[in-house]
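Residues per chain, in single letters:
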Amino acid sequence: MTQPTTPPARRFQLPNLSTLGPLIALLLACLFFATQSDRFLTLGTFSLILQQASFIGVIAIAQTLIILTAGIDLSCGMIMALASMVIGKLAVEQGVPIPLAILAGFAVGAFAGWLNGLLITKWKLPPFIVTLGMYSIVFAAVKIYSKATSVPMPADGLTFLAQRFTVFGTPFTYGSLLMVALFVLTWLYLNFTAPGRHIYALGNNPEAVRLSGIPQNRLLLSVYTFAGVLYGVAALLLLERIGGASPEAGTTENLESITAVVIGGTSLFGGRGNVMGTLIGVLIVGVFRSGLTFMGLDSVYQNLITGILIILAVAADQFSRRKA
Amino acid sequence: MTAAAHLPVTPPGPQTARPLVMEARNLVKRYGHVTAIGGADFELRPGEIMAVIGDNGAGKSSLIKALSGALIPDEGEILLDGRPVHFRTPSDARREGIETVYQALAVAPAMTIAENLFLGRELYVGGPLGRLLKVIDRRRMLTEATQHMQGLQFAIKSMNQPVETLSGGQRQGVAVARAAAFARHVVIMDEPTAALGVREGNMVLDLIRKVRDKGLPVILISHNMPHVFEIADRIHVHRMGRRAALLNPKKISMADTVSVMTGALAAADLSADVLAH
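As given, the protein sequences belong to chains A and B, one line each in that order.
Note that the numbering used here gives residue 100 to position 100 of the first sequence, counting from 1, and the numbers run on in steps of one.
Note that the numbering used here gives residue 25 to position 25 of the second sequence, counting from 1, and the numbers run on in steps of one.
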């Protein structure tokens, strides 16, 4: 009576919409804009989209890691703004050697991220609340530290990420290359190392992780701290992009990065998703932005389309979870 | 040895001559005025399934926590192969080869069966990539997972399918297989069939039997009397924080067992042949 009676019940598996969907959406968007403007589908446009997306892309990598653990970071853009202010002030106003100023910026980012992680792991506070509070605190810190004035970019030294190399006759910035390289490295880390798999497991079932003897608090703390370092990297790209450190920066990157992560097919509930999807999500937003510009349309339409894409992406995630 | 005072069993027979895999003597755990464990004894022989039963609040989960390292007893000792051990965390117990399967399905649903089997104990590739970066050896994990599941006659097509594509019983099967793969001494199962339907429950029971037949002794905590009587070699009845009796499921009736459990029947009133030795 106790024989295992039937072979495992196999459900028919639809190809996972949340992994293929973003790529299809990106291709469709490119095709559409190609029909609207014959100047759109060129390497030059692609290079520009990559360059414009680079700092939000690096933030979105960190956001993906955090969302995979079933967390969220609302303070990301502000931490980036603070790091850029630290780098700018030290390098320009205090005459600190640029490599040292950059290291200080990374350290500030890492510290803020670590503090987020500490409050989440030690005090067991929800990531949403901790990072919302951190957003406000760092916002104030940026204003106080900068005395609400921007710091212009030094003539040389901080601009190396804006320098270009040529592929098929098209110049790309080193900043774009850095972003793509970070995406690839993070993808390798998430898929082929034990800590990377544990990040997925943590978002899947924290209880399973705890019972497996994996030090989950240490893992979470390292994810938030590493995210802080990435915000430091994003600060460099921001300095290059806006030509200095601005006290107004950092207010919208949290929602923009979450948008890219969600459009890229990563579940807000954690444990499911793919950092390469986030790259596609970043590119989709970038393609719409420049495509609509090519068509001479207002950027309001970009907001409209981004909103629709977010809802579609979350719906796809929900439906695939309900099937499972 | 104070523990002997609590033992309702008769003098050692030929069976008890075999060394115990695990033994607990006179365990005590108090929380303020509440006594969770009040001088409990426990024993486990090689290759047996020892069921632990008891009414709600009898303290059996405290006993199991002490045995699995989730709780540090105030008094008493735990012996593993006759050697005293002191577990401070579940990881300590795990290092001694004691694996626990929990009632809540402790699996990561979106991850593959192979990944779940090796969660927290991934196999690394050789060389600096494995040592420093902890790069996992997917192929070896897949092969070993497949071999292990075949050894337990666990019929799954691919170890690469996500656990969420499995039924509830199969998921629990993965948790049992995982414990069996890494346990060198003892497998503890806390209500492994509680959340399952009849057929699924039977599938897990079958798996537990196979784990025992591979030579691993099993401690099975269960409320399900038919399940206990179906697979247990001996029954440890826990009552008021200590062992009330060790029973032989082949001799005693289910009704009498429940009476011992609820205190309607004292162990001393039982005839000697229903007690386990």
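Accuracy of the hints is not assured; some may be wrong.
Taking lysine to any residue and the SDA-like style, the derived pairs with C-alpha atoms no more than 20 Å apart in a straight line are [claimed, not checked]:
no., chain 1, residue 1, chain 2, residue 2
1, B, Lys-134, A, Leu-185
2, B, Lys-134, A, Gln-216
3, A, Lys-147, A, Gly-95
4, B, Lys-134, A, Lys-147
5, A, Lys-143, A, Gly-169
6, A, Lys-122, A, Phe-192
7, B, Lys-134, A, Arg-218
8, B, Lys-134, A, Ser-222
9, B, Lys-134, A, Lys-124
10, B, Lys-134, A, Lys-122
11, B, Lys-134, A, Gly-213
12, B, Lys-134, A, Pro-247
13, B, Lys-134, A, Ala-194
14, B, Lys-134, A, Ile-129
15, A, Lys-124, A, Phe-111
16, A, Lys-122, A, Gln-216
17, B, Lys-134, A, Val-184
18, B, Lys-134, A, Lys-143
19, B, Lys-134, A, Trp-187
20, B, Lys-251, B, Lys-210
Quick look at which bits of chain A chain B covers, simulated, 3 or more residues with Cβ under 8 Å [to be verified]:
no., stretch
21, 61-74
22, 193-206
The set of hints was computed from the structure by calculation and includes no laboratory data.
Note that this is a predicted model, so its numbers are computed, not measured.
For each residue, glycine too, the CB sits at the ideal point set by N, CA and C.
Status of each hint after checking the structure:
no. : hint                    : result
1   : Lys-134(B) / Leu-185(A) : holds (14 Å)
2   : Lys-134(B) / Gln-216(A) : holds (16 Å)
3   : Lys-147(A) / Gly-95(A)  : holds (19 Å)
4   : Lys-134(B) / Lys-147(A) : violated (45 Å)
5   : Lys-143(A) / Gly-169(A) : violated (43 Å)
6   : Lys-122(A) / Phe-192(A) : violated (29 Å)
7   : Lys-134(B) / Arg-218(A) : holds (16 Å)
8   : Lys-134(B) / Ser-222(A) : holds (15 Å)
9   : Lys-134(B) / Lys-124(A) : violated (28 Å)
10  : Lys-134(B) / Lys-122(A) : violated (26 Å)
11  : Lys-134(B) / Gly-213(A) : holds (16 Å)
12  : Lys-134(B) / Pro-247(A) : violated (41 Å)
13  : Lys-134(B) / Ala-194(A) : holds (6 Å)
14  : Lys-134(B) / Ile-129(A) : violated (33 Å)
15  : Lys-124(A) / Phe-111(A) : holds (19 Å)
16  : Lys-122(A) / Gln-216(A) : holds (11 Å)
17  : Lys-134(B) / Val-184(A) : holds (17 Å)
18  : Lys-134(B) / Lys-143(A) : violated (42 Å)
19  : Lys-134(B) / Trp-187(A) : holds (15 Å)
20  : Lys-251(B) / Lys-210(B) : violated (23 Å)
21  : 61-74                   : violated (count 0)
22  : 193-206                 : holds (count 9)
Violation of the numbered hints given earlier is confined to hints 4, 5, 6, 9, 10, 12, 14, 18, 20, 21; the remaining hints are satisfied by the structure.
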